Structures are given as C-alpha cells and as structure tokens.
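In order, the protein sequences belong to chains A and B.
Taking the numbering used here, the leading residue of the first sequence gets 79, the next gets one more, and so forth.
Taking the numbering used here, the leading residue of the second sequence gets 47, the next gets one more, and so forth.
For the record, the hints were derived by calculation from the structure and aren't laboratory data.
From a predicted model like this one, the values you see are computed outputs, not experimental measurements.
Even glycine gets a Cβ: it sits at the ideal position worked out from N, Cα and C.
Possibly wrong hints are sitting among the right ones.
Heads up, simulated DSS-like pairs for lysine-lysine below, C-alpha to C-alpha not over 25 angstroms straight-line [unchecked claim]: (1) A:Lys120 - B:Lys100; (2) A:Lys181 - A:Lys120; (3) A:Lys185 - A:Lys120; (4) A:Lys181 - B:Lys89; (5) A:Lys123 - B:Lys135; (6) A:Lys185 - B:Lys124; (7) B:Lys89 - B:Lys135; (8) B:Lys124 - B:Lys100; (9) A:Lys181 - A:Lys123; (10) A:Lys185 - A:Lys123.
If you want the ones that stay clear, here's a sample from chain B, every Cβ over 10 angstroms from chain A, calculated [unchecked claim]: (11) Asn56; (12) Val58; (13) Ser76; (14) Gly152; (15) His154.
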Amino acid sequence: DIQLTQSPSFLSASVGDRVTITCRASQGISSFLAWYQQEPAKAPKFLIYAASTLQSGVPSRFSGSGSGTEFTLTISSLQPEDFATYYCQQLNSYPLTFGGGTKVEIK
Amino acid sequence: EVQLVESGGNLVQPGGSLRLSCAASGFTFSDHYMEWVRQAPGKGLEWVGLSRNKARSYTTEYAASVQGRFTILRDDSKNSLYLQMNSLKTEDTAVYYCARRPLVGGRHFDYWGQGTLVTVSS
Numbered sequence: 079d080i081q082l083t084q085s086p087s088f089l090s091a092s093v094g095d096r097v098t099i100t101c102r103a104s105q106g107i108s109s110f111l112a113w114y115q116q117e118p119a120k121a122p123k124f125l126i127y128a129a130s131t132l133q134s135g136v137p138s139r140f141s142g143s144g145s146g147t148e149f150t151l152t153i154s155s156l157q158p159e160d161f162a163t164y165y166c167q168q169l170n171s172y173p174l175t176f177g178g179g180t181k182v183e184i185k
Numbered sequence: 047e048v049q050l051v052e053s054g055g056n057l058v059q060p061g062g063s064l065r066l067s068c069a070a071s072g073f074t075f076s077d078h079y080m081e082w083v084r085q086a087p088g089k090g091l092e093w094v095g096l097s098r099n100k101a102r103s104y105t106t107e108y109a110a111s112v113q114g115r116f117t118i119l120r121d122d123s124k125n126s127l128y129l130q131m132n133s134l135k136t137e138d139t140a141v142y143y144c145a146r147r148p149l150v151g152g153r154h155f156d157y158w159g160q161g162t163l164v165t166v167s168s
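Could you build all of it, start to finish, from the sequences and the hints given here?
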C-alpha cells in the first residue's frame, strides 16, 4: 500500500499568513493526488485534483503543486473560514489512501 | 444539486451486522462510481471501498481491513448505495461517508454525504 505522510500534523497561523502543507508518498504516484478540507463535525470538501487543478468554486488562494512523491498545498493568505483540517489522498492505486491530516488552527 | 444522504448508523454489538444506505439525488447515479469512506472518532479518513458502475459490471474494491466482512451494493433503480457490514469489530466504530467519483478528471471524490455514525460496543 502507498503511505502518505503529511507535515506538519498541526500548525498555528494568523489570518493573512501564507501556509504550506506537505504530503509525501512512499512511492511515486505521478500527479494522482487530491486535497480535501474538513471543518469540525462536517464532511470533507473536495479542493484540488491531479495535484494542482482547483475544483470549480474553490478560492484562488488555494493552490497545489508537485508530482512523483512530494506535493504541497498552499494557502496564499489564510482566511477565517480556512481554519480546518486538510487531507491529501493518493489516487494512483488501490487501496486509495489518505494522509494523516494537517490541522490548521488560529494563532 | 447533488445530494448524498447516508442513513442506518446505530449502536451494534461486536460480531453483529448493520446495513448502511446512501440515497443519491441531483445527478445520474447509475453513471458514477461510488465510494465509502470512514472516520473513527478523532482520527483521519480511511477509504473503505468502491462500487463501479454497470458499464464496469458493478465490480468492487475493498480495503484490507474490511475485505470479506463488508459488501458494497447498489440499486440504480433506487439511486441508492449500500454498505453491508458483517462480523463487526470495535475498531469499525466510525462515521461512514458515501462519496461520488466524477465521470471525468480522475479518481477523486467530488461530493460527500454528511455521514452516519456506527458504534460497535458491548
């Protein structure tokens, strides 16, 4: 199975900060990676697919990059509604696996 | 508007069975692959399994942790997805989400339901 390691697992940031979350795969997955946002007690929300393609309606302050084994999710200017937990997911092979999550909290 | 509504979560004893349902609306259910994902209390997301569409003979895939105990079914005439869970273990306690895979663009999950809670405890 392909393991995904997210870092950091927790980060504290202020409104307006630039935030970067890293997702590393245990083997190459090309660009078969998605990102999701989950607010407390809510279902995950889909943000990005193919490592860098933004889902329609997702604010442009979100961006994704990477290929192979290393990927990043960047929020260019953190907004109050962005405080949530973020998960990466590899879509290269079964079983589909998720990273452990990165919780973004208000500093 | 795409909607996925799960139901059927409950408290069940270890070794017991439970069937979850996911009612879909707002899209042509029969065209899409559908997935189940779960989240144990305070933990991350875990993929449970996949149901492909009729064109792919409704074939399924499962996580190793549920293989042989869980079965994904679907009834396209009722726009519904099901998760039959047998031989439940305490570690199956989680919120279970159904999710839709888009027709094009990749294997990601573009819409999720609100989830239903399954508690396995004596």
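Do the hints match the structure? See the list:
no.	hint	result
1	A:Lys120 - B:Lys100	31 angstroms, violated
2	A:Lys181 - A:Lys120	14 angstroms, holds
3	A:Lys185 - A:Lys120	22 angstroms, holds
4	A:Lys181 - B:Lys89	12 angstroms, holds
5	A:Lys123 - B:Lys135	28 angstroms, violated
6	A:Lys185 - B:Lys124	48 angstroms, violated
7	B:Lys89 - B:Lys135	17 angstroms, holds
8	B:Lys124 - B:Lys100	14 angstroms, holds
9	A:Lys181 - A:Lys123	14 angstroms, holds
10	A:Lys185 - A:Lys123	23 angstroms, holds
11	Asn56	19 angstroms, holds
12	Val58	22 angstroms, holds
13	Ser76	21 angstroms, holds
14	Gly152	5 angstroms, violated
15	His154	4 angstroms, violated
Violated hints, in rising order: 1, 5, 6, 14 and 15; the structure is consistent with all others.
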